[in-house]
Amino acid sequence: MHWPPRPDLGLLCLRLCGAFLLLAVHGLPKALNFRASLLTIEDPLHLGAYPTLLAAIAAEVLCPLLIAVGWFTRLACLPVIFLLLVALLFVHPEWTLEQGQFGWLLVAIFFSLAVAGPGRHSLDAHLARRQRRAYSLAGGHSP
Numbered sequence: 033m034h035w036p037p038r039p040d041l042g043l044l045c046l047r048l049c050g051a052f053l054l055l056a057v058h059g060l061p062k063a064l065n066f067r068a069s070l071l072t073i074e075d076p077l078h079l080g081a082y083p084t085l086l087a088a089i090a091a092e093v094l095c096p097l098l099i100a101v102g103w104f105t106r107l108a109c110l111p112v113i114f115l116l117l118v119a120l121l122f123v124h125p126e127w128t129l130e131q132g133q134f135g136w137l138l139v140a141i142f143f144s145l146a147v148a149g150p151g152r153h154s155l156d157a158h159l160a161r162r163q164r165r166a167y168s169l170a171g172g173h174s175p
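So my numbering is basically just the index in the sequence shown, starting at one, shifted up by 32.
A couple of the hints might just be wrong.
Said to hold, decoys possible - Have a look at the derived ranges for each label pair, beta carbon to beta carbon: (1) T128 to L71: 26 to 34 Å; (2) P125 to A166: 31 to 39 Å; (3) A170 to L53: 41 to 49 Å.
Derived by calculation from the structure, the hints in this document are not laboratory data. The C-beta atom is built at its ideal place from N, Cα and C for all residues, glycine as well.
Required output: the full structure, derived from the provided sequences and hints.
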């Protein structure tokens, strides 16, 4: 039995799994417990607890939602990668690879998505197909 490669399906799985894990483990707990998170969040860039928490929530809630649907995926991966690297290298520099493996796996997932893009099963691809279709229906002329 031959199973042909399905890279677009693989990218969809990476997007959905990575987004779900980041959202469920980090983003939603911070957003739903905002006041408590303000008291416990580390501030390695010295921005203040409030701006740091807002930036973390944007990277761990908004960006995973964009990544999951495949809209501005490459761009949405950048704050996530930055946040994870800051956490792993500056907030928890004492962690062994074993202790930080979840974070490093998330870095690998989101870096791969930033390089590869969202794939065919994404909102970006759908919008591009619609735009090409409209362009071809217009006789190849811009509207």
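Here is what the structure says about each hint:
1. Here the CB-CB span from T128 to L71 is close to 27 Å, well matched to the stated 26 to 34 Å.
2. At about 51 Å, the beta-carbon gap between P125 and A166 misses the expected band of 31 to 39 Å.
3. Checked against the given bound of 41 to 49 Å, the beta carbons of A170 and L53, roughly 42 Å apart, stay inside it.
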